[in-house]
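A.B. asks: One line per chain: the protein sequences are H and Z, in this order. The number in the working numbering is simply the position in the first sequence, starting from 1, with 22 added. The number in the working numbering is simply the position in the second sequence, starting from 1, with 174 added.
If you're looking for bench data, these hints aren't it; they were derived computationally from the structure. The reader is advised that the hints may include incorrect statements.
[Said to hold, decoys possible] The calculated lysine to aspartate or glutamate pairs, modelled on DMTMM-like cross-linking and capped at a C-alpha distance of 25 Å, are:
1) H:180 to Z:600
2) Z:555 to H:83
3) H:75 to Z:577
4) H:180 to H:205
5) Z:360 to Z:637
6) H:92 to Z:581
7) Z:607 to H:83
8) H:78 to Z:616
9) H:42 to Z:616
10) H:78 to Z:637
11) H:78 to Z:261
12) H:68 to Z:604
13) H:42 to Z:604
14) H:75 to Z:604
15) H:78 to Z:619
16) H:78 to Z:603
17) H:78 to Z:318
18) H:78 to Z:301
19) H:227 to Z:585
Note that the structure is predicted; figures quoted are calculated from it, not measured.
Spelled out, the chains give:
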Amino acid sequence: MPDYALMNQLVFEGNQAEVKSLTEGALDEGRDVKEVLEEGLIAGMKVVGEDFKRNKIFVPEVLLAARAMKAGMSVLEPLLTACDGDAQRDVIVMGTVKGDLHDIGKNLVGMMAEGAGFTVVDLGTNTSAEEFIAAVREHDALILGMSALLTTTMVYMKTVVDAVKEQGVDVSVCIGGAPVGPEFCDEIGAHGYAADAASAVQLFKRLVAARNSG
Amino acid sequence: MRPRLRFLEPVLVERIVEEAKAILSTRGVLVEGPMVARLEELGLKVDGSSGRLKMSSEFIDSGIESAPSSIELFDREGESHALLEKDRVHFVPGSSALKILDRETNEMRGPTSRDLAEYVRVADGLERISYLSTAFVPQDIPQEVADAWRLYLCLAHSKKPVVSGAFTAHGVTRMARLLSFFRSGKEELIAKPLAIFTCCPNTPLRWGVDPLQNLVECAEWGIPVEIVPVLLLGMISPATTVGALVLHTAEVLSGLALAQAVRRGTPILFGGAPAAFHMQLMTNPMTAVEALQVFCGYAQIAEHLKLPSQAYMALSDAKFNDPQAGFETGIGAFLAALSGINSVSGPGMLDYVNCFSLEKLVFDDEIVAHAQRFIRPVGIKGDLPTGELIDELVRENHLLTAEHTLEHWPEELYLPGPMVDRTNWDQWEERGKPSGRDRALEMIEEKLDEYEVDPLPDDLHGEIQGLFHDTFDGKLEMPEY
Chain H
23 MPDYALMNQL VFEGNQAEVK SLTEGALDEG RDVKEVLEEG LIAGMKVVGE DFKRNKIFVP
83 EVLLAARAMK AGMSVLEPLL TACDGDAQRD VIVMGTVKGD LHDIGKNLVG MMAEGAGFTV
143 VDLGTNTSAE EFIAAVREHD ALILGMSALL TTTMVYMKTV VDAVKEQGVD VSVCIGGAPV
203 GPEFCDEIGA HGYAADAASA VQLFKRLVAA RNSG
Chain Z
175 MRPRLRFLEP VLVERIVEEA KAILSTRGVL VEGPMVARLE ELGLKVDGSS GRLKMSSEFI
235 DSGIESAPSS IELFDREGES HALLEKDRVH FVPGSSALKI LDRETNEMRG PTSRDLAEYV
295 RVADGLERIS YLSTAFVPQD IPQEVADAWR LYLCLAHSKK PVVSGAFTAH GVTRMARLLS
355 FFRSGKEELI AKPLAIFTCC PNTPLRWGVD PLQNLVECAE WGIPVEIVPV LLLGMISPAT
415 TVGALVLHTA EVLSGLALAQ AVRRGTPILF GGAPAAFHMQ LMTNPMTAVE ALQVFCGYAQ
475 IAEHLKLPSQ AYMALSDAKF NDPQAGFETG IGAFLAALSG INSVSGPGML DYVNCFSLEK
535 LVFDDEIVAH AQRFIRPVGI KGDLPTGELI DELVRENHLL TAEHTLEHWP EELYLPGPMV
595 DRTNWDQWEE RGKPSGRDRA LEMIEEKLDE YEVDPLPDDL HGEIQGLFHD TFDGKLEMPE
655 Y
């Protein structure tokens with residue numbers, strides 16, 4: 023039986039090498055891929071999330087833990103892909119919208135989302151509606167995340183939302199960035215808005231859960 | 175190197191000190207009351223007709239030489255607690271308000287002994303408040319013993335040293351006896367000071383009956399004294415900075431020299447509470463920008479004379495813990511810290527040192543944290559040369575998980591407590607939109623819940639309370655606290 027408590031602790035501590043090695047060991051023992059993912063990696067990240075909320079640990083520790091989780095995931099990913107769909111990780115496609123080169127907030131959201139178990143496809147900055155939609159289709163993404171820092175570029179978010187609707191792409195569109203808010207989100211018909219990286223991850227989880235239950 | 179504010183040219187500092195000495199040798203100070211005889215016993219010559227005591231430069235210099243450049247304070251158990259010297263900065267609650275701001279009604283009212291005990295329980299747990307003060311004067315005790323009573327309540331509820339002072343004729347003696355209950359006797363009290371007493375000359379250049387008596391008795395008991403002239407710029411002081419500094423320095427040096435004449439080695443803090451005189455409202459703001467310049471200027475003079483310093487800064491003349499209170503306290507705290515003032519009396523104080531607020535005290539604790547943070551020495555911390563760090567930043571797009579960040583951020587990037595709202599609007603809404611006052615009140619309750627200090631033994635309570643009963647032939651009814 024793999025020592026999942028130890029694995030959780032090593033994820034918490036951000037020990038990439040050991041997490042990877044214990045993940046491989048668990049598979050060598052013949053454990054189920056989903057079990058290793060849930061009990062070894064995600065359970066560890068859950069503690070990270072809870073401690074972060076309680077101000078016991080901070081962003082660097084969360085990101086280190088996320089990296090350790092990623093190291094474990096690198097072992098599990100090929101096997102998960104081979105499994106049935108619901109065991110695969112949920113994919114988020116994200117980017118800063120066309121005309122905008124600001125990406126600090128977006129990068130932070132990406133890192134936190136990866137730490138929470140999502141696969142993040144980061145399209146970088148200056149991303150067009152066509153690029154977003156192509157990536158969503160290519161990766162079968164559940165979430166499309168857009169960021170903008172400027173009042174002049176935030177309007178492009180509506181262009182993307184409209185294109186998603188017109189082309190009938192089944193994806194939940196989320197927005198974030200300094201000039202936008204929940205009202206703007208409703209106005210352009212996006213599915214969700216988050217004010218910061220931590221609440222963005224919560225939003226992604228809610229939207230995915232809603233899709234799964236729906 | 176530690177960030178430091180110095181704006182007087184060294185030659186100007188010397189000129190100010192020389193001018194202050196010249197004023198003391200030519201004009202002298204007025205000395206009054208029964209302690210004049212004590213001064214004469216010590217060989218000091220008080221002019222019979224004018225009552226003035228002229229002090230030679232040699233007398234002043236000898237006093238400066240014998241005053242310690244470092245003062246160590248000890249707690250009530252006799253453990254070392256704070257070292258007042260060089261650029262070590264400590265913040266303590268402001269002292270001697272006559273009112274408090276009731277935290278429930280937000281109205282100003284007269285304080286009780288229960289209020290004082292509550293204040294001590296909160297202040298004892300505030301991390302950046304280095305030691306305590308007898309912050310306000312309870313009204314439910316006869317005022318002839320109120321000075322000693324508030325000191326007793328502080329020492330009964332906290333181990334920390336206390337900034338205090340007497341405002342009655344025999345106050346110092348009673349309070350010194352009270353302090354000596356915490357030591358084996360007078361000698362140990364001198365060796366391990368538990369309190370600093372404030373003595374204020376009567377500006378200009380006068381040591382009236384009570385201040386002179388207090389000063390002499392403090393010196394006899396070896397109690398550290400902060401000499402606190404209260405200049406009002408434009409009214410009882412030159413309106414200009416240099417002139418005010420000369421008068422201020424003369425008053426401090428006169429008290430210092432007298433104390434050293436009584437007992438060489440008496441610890442003295444070069445203190446002050448200068449204020450501007452408001453030419454329209456006739457009020458005396460210590461937070462006036464001109465007064466702040468005098469505070470910082472005399473800190474430089476104290477440093478030049480190698481004397482520990484004290485100041486009434488990091489306080490506000492506002493009526494509530496409002497934006498004015500924030501900006502005045504914040505500016506004062508930073509200037510005091512940058513000036514290297516060793517004992518800064520102010521946090522918690524509003525309305526011309528007339529009103530004490532617990533709500534403000536917990537807020538000011540956070541201001542102090544910022545000021546202390548700012549004056550930490552700045553030096554190389556694995557960041558020079560910087561090339562590798564920049565390479566990593568460019569490569570990774572961030573340094574959040576860089577070894578350098580992990581090693582240094584907990585020390586370098588301060589996360590303020592709940593008194594500073596660093597949430598964004600949405601996070602703030604999610605948390606129920608707490609106002610600054612809500613957060614302060616919650617913090618006060620937390621500190622009261624967390625409070626834990628060993629109570630004094632019953633027999634010690636009995637001995638101390640005997641001091642008060644003696645004054646009233648056993649007929650004093652002790653207020654509840």
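A.B. asks: So which hints don't hold here, by number, going up?
C.D. replies: Of the numbered hints given earlier, those the structure breaks are 7, 9, 10, 11, 13, 17 and 19, listed in rising order.
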